[in-house]
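Colleague: These are the residues of each chain, in order.
Protein chains: 2
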Amino acid sequence: MNDVRTERRVRGGGGAARRAERTAVSMDTAKFITRNIPNFEILNEEALEIIEWNADTVLEEIGVNFVENPAALQLWREAGADVRGERVHIPRGLARELCKTAPSTFTQHARNPERNVVIGGKGLVLAPVYGPPFVRDNEGGRRYATMEDFRNFVKLGYMSKWLHHSGGTVCEPTDVAVNKRHLDMLLAHMTLSDKPYMGSVTEPVRAEDSVTMSKILFGEDFVDQNTVMTSLININSPLTFDSTMMGALEVYAKHNQAAIISPFIVGGAMAPVTVAGTLTQVLAEVLAGVAYSQLIRKGAPVIFGAFVTSIDMNSGAPTFGTPEAAHITYGAGQLARRMGLPYRSGGAFCGSKLPDAQAAYETANSLNMALLAGVNFMLHACGWLEGGLVSSYEKFVLDADQLGTLHHLAKGVSMDDNGQAMDAIREVGPGGHYLGCQHTQANFKSAFWRTDVLDYKPYETWEEEGARDSATLANQRVKKLLRDFQAPTLDPGIAEALESYVAQRKASEPDAFG
Amino acid sequence: MNDVRTERRVRGGGGAARRAERTAVSMDTAKFITRNIPNFEILNEEALEIIEWNADTVLEEIGVNFVENPAALQLWREAGADVRGERVHIPRGLARELCKTAPSTFTQHARNPERNVVIGGKGLVLAPVYGPPFVRDNEGGRRYATMEDFRNFVKLGYMSKWLHHSGGTVCEPTDVAVNKRHLDMLLAHMTLSDKPYMGSVTEPVRAEDSVTMSKILFGEDFVDQNTVMTSLININSPLTFDSTMMGALEVYAKHNQAAIISPFIVGGAMAPVTVAGTLTQVLAEVLAGVAYSQLIRKGAPVIFGAFVTSIDMNSGAPTFGTPEAAHITYGAGQLARRMGLPYRSGGAFCGSKLPDAQAAYETANSLNMALLAGVNFMLHACGWLEGGLVSSYEKFVLDADQLGTLHHLAKGVSMDDNGQAMDAIREVGPGGHYLGCQHTQANFKSAFWRTDVLDYKPYETWEEEGARDSATLANQRVKKLLRDFQAPTLDPGIAEALESYVAQRKASEPDAFG
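Those protein sequence lines, which keep their order, are chains L and Y. If you're matching positions, the first sequence starts at 1 in the working numbering and goes up one per residue. If you're matching positions, the second sequence starts at 1 in the working numbering and goes up one per residue.
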C-alpha cells in the first residue's frame, strides 16, 4: 500500500496532473502563517516563575487522577511518581524533565505535500470548528448536523484560502451511528480535501481506524515514519485524565502521530476564577499530559493545549471573547514557549446564537488575541457559533475571511526602500494625491488585505442591491463555494481502498447510538 | 462668573447634592483606563530610527505648506525654518526640538471633578464618534442627523459606563445653521453631561465661542489656569496645514486648551501605500504641527494624532479594521512615546452600512489594536458606522459595551495570593467543581467582565424571547437609556448664562448653511 508515492508523483505529468494543477490554482490556499511580529507577553519573569513553581506544587502535593487506567499508573510508578490509588503525585521537576523529549516543532504531512504544515516555532496553522452537534444556516435555521453537513463543511474548508487544515469533527454527523461516524468523517477529509486532518479520539479503536485509513491514504511506511494526523486529546479538568482520551492518546503516541494535550477550562467551573490560578492548573495538567505522552513514546509530537474561556456568573453560561480568556491565552503562550512546545489555543469563539454583531465582536477579540499570544495551532478558527454547539455555514465563511487579516498582520512591517516610500513622498508632495503615483501603482495589488465577502460598496449601490447584511452576503458565498466545489484528484485505487475499508468496518458491528 | 466653585461645592449638602449623588450612582462611570499591561511594539529600534530620519528628511527637503497664513510663516521664519512662498522647510532636528516644550501628560478638567481625565502616560481616555452627517437606527434607517439626535447621543454618552468623555460633534446637527450649530452642540455637552468635552474647530471664531462658553461653565480664572477642552485639529494630509484648522489651533493653544494634531490618512490616497512610508509622513506632519503649537504658546497641551486607515484598491473606498491600519497604529504609538507625547488613534471603525457582523469584526479589530498600541485618547470609541458617515444608535451602545473589555484587559494579571488561588485548587482537587468553592464565591462579582447588552441566555429562553439579534437587543437598550436619562445637576445661574450667551450669539448674525 505504497501508492502515496504514485499519488504524489502523478502531479508531475499526465491528465491527472493537469487537473490537479487547475484545481490547485482555483483553490489558492495560503501557506501557514509565519510570524514576523513579536508575541504579546503579559506576564513578567517573576509571575511566570511563580506559576511554574505553583504548578509543580499542584502536581506533587495534590496530584492528578489517571482514571481506570492501571497501565498508565504503572508507567508513572516506573517513572518515579508516587501513585496512591488512581492519584499520581509527581515529584517537583519530574514532569518538566519528561516533557523535554517532545519536539518543539513538527511537520504534519498532507496528501498534497504543498499543504504540509509545520506546527510550532513562529508558525500559526488554522483549522476549522470542531465538535458541534448542530448546524445553522440562514434558510434552515438551527438543526441537528448530518453527514451531508459534514461534507459541506469539509468542502468549504478545502476552498477557504486562509485555512491550512481540514480539521476533524467539523460538525457531529448525528444521522450516522456513533460507532461508525468516524469512518465517514475520515473518508470525507481524505477524499474531499487534500489539506491535513485530525484523527478520531472518541474510543481507542477509532484512533486505530484513523491510523489504518491514513496508511491506506499515505502508504504504511510513510505513516510509520511521518506525522499525518494531529488529534485532540482533552483533559477532563480539573486534573483528571480519563481512560477514553488517554486510550486514544496512547494509540497516536505509539504511532508517532501528533496529539494536542488540552485542558478544557471554563474559568470558575473547571478552574479557579482568577487568571493566575487557571494558568497554574492549565500548566500542571499539560505537564502531566505531555509527560505521559513521552512515557508512551519518547519524542511523540504533542502540543501544549489550552481551551480557556470564562463564565457568566449570573447564569453559569460560558462566555467568549472576554478579557479574562485573553489574559489566560497570552499567559499560557508564554508558559508553552518556556517548555519549548507548540501551543494550541484561540479560535473564532462566541456565545451568540446568530452570526451577528455579538458573534463578530467576540470572535475578533479571540482571533486577535490568539495571533498575538503566539498560538501555533488554532482549532475552531472558523465556523464556531453558540458556544460551540453550532457549526454556522455563514459564520464559517465570514470567519475564514477574517483569517486573512491574521496573515497580513503577521507579515510585520517592511523596511526596505519600497517600504520606506521616500520617492513616493517626494513625487506627491504637499497637497498631492497618492492614488496615481508610481509607487502606489507598483504596490497596490499586494499592499492591502482584501475581503472576499464583506461589503465595501458605495451606499447607493449597496442599497440598490438589496441592503444586504453580512450574514446574507455570507450565505451567498457559501452557496457559490459549494456550487463551485471540485474535489482534489485522488488515485482511484486509494479511493476505492478507503471506501472498501469503511464498508467492511461498518458491516463488522451493529449500529450504536449514544 | 466664578460659579464653578459653587457648583462643585453644592454636592456637599442640600437637595441638589442628594440628587447629584443619586445620579452619580445610577450613572456609574468608570475611571479612565490605566494600563497595567505592556504595549505591543511592532517596530524595532532600527526601524524607528529610519522612520525618524526619513521624517526629518521630509521636513527639510520637501517641507510642509502653511496655507493662507502669513503669521504662521513669520513664526516659522523666526524659529529658523527656510520659508519659500507658503512652503516651510524645517531644518533637521528643529521640529523635534520645538516639540519638547509640549507636556507628556495633562489633565482635562470636567465640570464634575470626578470625571477629570489625565491624557498621556499609561492612560486611555475613551470618547464617542465624531463628525457623521447621518444617523441610523433600526426603526428610522439612515437619515440626516438633527439636533435632537445630537442631544440623544450626548445623553447616551453620559450614561455609558465605559465612556470617559462626552466628545465633540457626536453627529452633525444638519437642522441648525452651520454658523450656529456649534453653540447648540456645546450647550448640549455642558448641560446634558458632566463629562469632559471638545471644542469647535470649524472656524477660529467658533473656537473663541467654545472658550467663552467654557468660561461661563467653569469660571474665567479656572479656564485661564486649566485645560477644559481637547479639540480635534486635522492636518490636511499630505503635508498641508490649512488656515481654518490652524486658526482654531491658534485660539486653543493661546488659551492653553488642548489640541489633537492629527494627520487624516487613507493609506494609498493621502499617504504612501506602504506602512513605513505612511508612518514617515504621519511623523513629519505631527512634528510640524506640534512644533507650530509650541511656537504659538510654549507648553500648550497637544496630542500626537493619527487617524489612519487603508483603501480598497478596487473601489477607492476607505476600509477599516484592516491589518495595515493596525501596523500603522502600533508604529505611530511607538513614535509618539519616543516624542514623549500623548497619543490619539483608534476607534470603533468599520465600513459596514449596518451594525452587523462586518461592523463588529472591523470594530473589534480596531479597538483591540488601539488598546495594545498604547493609545491615550481614543476618539470614535463608539457609535461609528459606514466609514464615519453615520452615527449609529445601536452600534453606539454595542461598542460602548465592548469598551468594558478594554478596561478589564488593561488591568493585567493579579499575582497576589488571591490571584494565585492555590487554596482553591487544593480545596477542589481532581474531578471537582469550582463553582461552589470559597475562592469563587469570594471573587465572582469582580472576576469577569460582564456585558450589559449581549445575549448569554440558554438557547430555548433566547428563542422564546423572540430570537433577537444584537442590533435588536441594542435598540432596546438605547430606548431604555434615553427613557431613564436624568441630566446631571447644574447651577441654574450657569445654565441660564449659557443659554443667554447662545441666544445672543445666534441673534447676532444671519443663518448660514454650507
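What the hints contain is simulated information worked out from the structure, not anything from laboratory work. Any given hint could turn out to be false.
You can't tell identical chains apart in this list, so a pair holds if it fits in one copy or across any two.
[To be verified] Straight-line C-alpha distance at most 25 angstroms; calculated SDA-like pairs for lysine to any residue: (1) K480 with A503; (2) K298 with G140; (3) K457 with S315; (4) K161 with Q294; (5) K298 with L389; (6) K411 with T146; (7) K31 with E208; (8) K122 with P38; (9) K161 with A317; (10) K155 with G299; (11) K479 with L498.
It should be emphasised that the depicted structure is a prediction, and the values quoted were computed from it without experimental measurement.
Colleague: Each hint: holds or not?
Modeller: Tested hints:
{"no.": "1", "hint": "K480 with A503", "in the structure": "neither (32 angstroms within a copy, 60 angstroms between copies)"}
{"no.": "2", "hint": "K298 with G140", "in the structure": "neither (48 angstroms within a copy, 66 angstroms between copies)"}
{"no.": "3", "hint": "K457 with S315", "in the structure": "between (41 angstroms within a copy, 7 angstroms between copies)"}
{"no.": "4", "hint": "K161 with Q294", "in the structure": "neither (35 angstroms within a copy, 51 angstroms between copies)"}
{"no.": "5", "hint": "K298 with L389", "in the structure": "neither (36 angstroms within a copy, 60 angstroms between copies)"}
{"no.": "6", "hint": "K411 with T146", "in the structure": "neither (39 angstroms within a copy, 44 angstroms between copies)"}
{"no.": "7", "hint": "K31 with E208", "in the structure": "neither (30 angstroms within a copy, 57 angstroms between copies)"}
{"no.": "8", "hint": "K122 with P38", "in the structure": "both (9 angstroms within a copy, 21 angstroms between copies)"}
{"no.": "9", "hint": "K161 with A317", "in the structure": "between (33 angstroms within a copy, 23 angstroms between copies)"}
{"no.": "10", "hint": "K155 with G299", "in the structure": "neither (34 angstroms within a copy, 62 angstroms between copies)"}
{"no.": "11", "hint": "K479 with L498", "in the structure": "neither (28 angstroms within a copy, 60 angstroms between copies)"}
Of the numbered hints listed earlier, those contradicted by the structure are 1, 2, 4, 5, 6, 7, 10 and 11.
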